[in-house]
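The listed protein sequences correspond, in order, to chains G and D. So the working numbering is basically just the index in the first sequence, starting at one, shifted up by 28. So the working numbering is basically just the index in the second sequence, starting at one, shifted up by 28.
Calculated from the structure, these hints are not laboratory results. The reader is advised that the hints may include incorrect statements.
One copy or two, it doesn't matter: identical chains are merged, so the pair holds either way.
Unchecked claim - DSSO-like cross-link-like pairs, simulated, lysine-lysine; straight-line CA separation at most 30 Å: (1) K98 <-> K38; (2) K31 <-> K98; (3) K131 <-> K103; (4) K103 <-> K93; (5) K38 <-> K93; (6) K38 <-> K131; (7) K31 <-> K131.
There are 2 protein chains.
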Amino acid sequence: MGKQITEMLKGTLEGIVLAILAGRSAYGYEITAWLRDQGFSDIAEGTVYALLIRIERRGLVDVEKVPSEKGPPRKVYSLNAQGQEYLEEFWRTWSFLAERLDKLREGGNRP
Amino acid sequence: MGKQITEMLKGTLEGIVLAILAGRSAYGYEITAWLRDQGFSDIAEGTVYALLIRIERRGLVDVEKVPSEKGPPRKVYSLNAQGQEYLEEFWRTWSFLAERLDKLREGGNRP
DNA sequence: GGCTCTACTCAGCTTGACTAGGTACCGGTA
DNA sequence: TACCGGTACCTAGTCAAGCTGAGTAGAGCC
């Protein structure tokens, strides 16, 4: 994957992580691993942690510290009501964009 | 439209403009007006011009100065071979992202 | 002790959209 | 003549967010 994905992820990665947390709660390392598994192979670990801290500060998620069998304690994140609302807004914005892109791709560009 | 679109446009606006230019050549003012018309109501004029200069510097477009009946001469941009290639790469990246987002939206999130 | 896997954190860099202006040409009107 | 309003382009500075490249630490294994 080239450099285009890096810029495209700005704004969408946040939505992706929130969408993951809408399914079930998770912690940073787990999310990073899952993203890598899904083909987002060059997402840096630091990026995910920074994002998590950001959405925590914005009050979109709740955090709980859970001891791990192996390694340091995990910070488990779960989506709260405000986060749910924000995620819905994200999907609306995404749909808007995706719709227009699809039209453009099919040659509907009549500027 | 909220602030989410601003971040989401990073990386995609470039593709959008290139896709427009794949349809036919156009100039900045025209592209801005068309984007506004399509619902991208808060895209700043300056953003489009900056983007056009950027893709010109990268050699993705050819430029021709055409006199206008009203106002200063237009800088008409058209996609060249390199731009076409870059656009195809953009569509591949976009598809990758859109596919994963769609899955996530339908609850396919199993981290 | 050294290695690997787990798990989180941080400083500094880069990209790209936004803000908030500015320049300049033209036609119409008071 | 003077001054708008529409057309058309450009620029300096700000901010958000992902990346780089580190660092810290605990647990288990050889």
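Which of the stated hints cannot be reconciled with the structure, identified by number in ascending sequence? 1, 2
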